[in-house]
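> Here are the chains, one letter per residue:
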Amino acid sequence: MTLTLVHLLPELLGTYGDRGNVEIASWRLKQRGIAHEVITVHAGDRVPVSADLYFLGGGEDDAQVAAREILERDGAMRKVINNGGHIFAVCAGFQLLGASFPASGDRTIIGLGILPVDTFAATPRSVGELLSESTIGIGMLTGFENHAGQTGYLDEIQPLGNVISGVGNAQASTVDGVVTDQVVATYMHGPAFSRNPDLADWVLARKVGELKPLAAPIFTQLHQERVANIK
Amino acid sequence: MKLRLVIVVANAAGWLSRITKKGSGVMVTGRIILKLVPSAVQTLSKSRKVILISGTNGKTTTTSLIYHALSSQGPVVSNFTGANLFAGIAAALSKNQAAPVAVLEVDEMVIPWAMKQTNPRLIVLLNLGRDQLDRLSEVRVVAQKWKVALATAQAHCAVLADSDDPFVTWAAQDCVNVIWFTSGAVGHIDASTCPECGKVLEWNTHLTSYSCTCGFKKPNPEWILRDGELTGPNNQKVGVQSGIPGAAALGNAARAIVAAKAFGVPIDKAASEIAKVLSVDGRFGSLKIGRTNFRLLLSKNPASWRETLATSAQGPKAVALVVNANTQDGKDTSWLWDVDFSPLANRTVIATGERRLDLSARLTVAGIKHEVCADEGAAAKVFGAVDADIIASYTAFHRLSKQVKPS
Ligand SMILES: [Zn+2]
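Residue numbers (UniProt numbering), protein chains in the order written: chain D, 1 to 231; chain U, 1 to 407.
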């Protein structure tokens, strides 16, 4: 069986190098000889609903609203979840999986309702390095965040990391992101998989099972350098 | 204090700062002038015809090209070292007050202020794209600021605007007096949604034109650059040559010809003056490190990296990339993943700079063979006695440009 990765709406949700997560996931699979394909979904395309792993990135206000409309059509993302698909979502992608998110002109846009989170607008923007201790047993997580939205939980759910430095979900919180059975979401771009190779493998392993170790020292060095830079 | 006296004092202070090696002195001069006479820019612009140049990429080069074209007609003042904020503009205008023309590079966010202060005759708008998102605004915020300011432009102020760029088009389309220009640029990294209504923007298959269901669309350009030839109204035609390499430089040369024409310079004369300019403020200058002869190139954001990589691909086989992430570079390096590095395939590539590990990770996934070196000295040891390009981000470029040999 060939694993299918889906890169959702890169033109709309890709402001912060988010395509990197897809490229890195694909590269790490390829290095291990795991057969897979990458489907890129553009604005006019139908969202395939029975693929394995979906990637959502960050984007500006209008783009986020346009993306939401496309992903909402025919309940596509809801079907993805019902079909057992997994999602890795960053920043605006994280927000639009929740109950609602803010947009330009003081609007509140209804989200896809896949995660029990809600996002509000706040100033100032949260911009800078984000360092957290993962809740999934892979040590430190490092990224760069840049968001105005403040995200809160509507239910008791597991964060991805406990924030050591930076903001994460909200100024009033001490956590970053969310982990559920099928979704991993975070405010870390950078992209997250480049600076956190163990996170990339953890997300992939949930779908493909145990992965052979991969000798790719550059990613380990980058991870260590970024973590040391903050501590 | 009289403005005349303030200018003398401020320029003396700038000179002092320069000879004590504290800086170029431009900022010191400008700050003193504005502190003592807040209306100085307005006063110094009154008896002058002013051109403002702005956009994400190409400001410094285009300003310099227009300066050279107009200098063939008489004295011109300009801030052609890239000091494009309030102080830099004031300092430039304080020089040679007999010069009847001022050619001013202006930071994107300073355009509204500069328009009010200088009563310009021409505004040249190049492009708007993402640039250092951690400290600058999202593209559409800048476009909105331009649109509001440009709506106040009088008929005596022409706006030379790039119709290839949806954000520039949207900002300029309400002006009374627009000169639309195209260099045939393809697509736009940030224009996936319509600037007017926010819906997905429709691009044609070759990505040379765009439109939206709300009625927003690419205007018909008056001046067209195609295959090195610039054509305008009434069958005007001129070959465009640039002494500075690259497609972007050729586009800027063509814009400069149109700008000079608006100020009375015949297009043939403007074209020949512009073709003589070989390097601007260190860009494409040469420097020797160890035994390697480097050519220095600047790259600041995804759009400028794409452009620079394409230009460099025509150059020497060896190439060093220097990526820093200081405040002026932007502290977030995620843009590396928005750049297509495939033009580096089959070249001898070295990754260096303070964020060389981010760069190396990117190149690894892109399948570009490379070495990582601590600095350009180490890179020069690897390269040896050859010609090489060195493509540097903002802070590295400015450090290296001090070593550029005058051409
Ligand atoms: Zn529209």
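Bear in mind the hints are in silico, worked out from the structure with no lab data behind them.
Since the model is a prediction, treat every value here as computed from it, not as a measurement.
Possibly wrong hints are sitting among the right ones.
For the chain D half of the interface with chain U, some residues (derived, Cβ under 10 Å), not all of them [stated by the list, open to error]:
id, residue
1, 33
2, 37
3, 63
4, 140
5, 143
Where a beta carbon is used, it is the ideal one built from N, C-alpha and C, also for glycine.
> Go through the hint on residue 37 (chain D) and say holds or violated, using the shortest Cβ distance to chain U against 10 Å.
With a minimum Cβ separation of about 17 Å from chain U (threshold 10 Å), the hint on residue 37 (chain D) is violated.
> Is the interface hint for residue 33 (chain D) satisfied, with its Cβ closer than 10 Å to some Cβ of chain U?
At 16 Å from the nearest chain U Cβ, residue 33 (chain D) fails the 10 Å test, so the hint is violated.
> Is the interface hint satisfied for residue 63 (chain D)? The criterion is a beta-carbon contact with chain U at less than 10 Å.
Residue 63 (chain D) check passes; min Cβ-Cβ to chain U is 5 Å, inside 10 Å.
> Can residue 140 (chain D) be said to touch chain U, with a Cβ gap under 10 Å?
violated (16 Å)
> With chain U as the partner, please determine if residue 143 (chain D) meets the hint condition of a C-beta pair closer than 10 Å.
holds (9 Å)
Checked against the numbered hints above, the structure violates hints 1, 2, 4; every other hint is satisfied.
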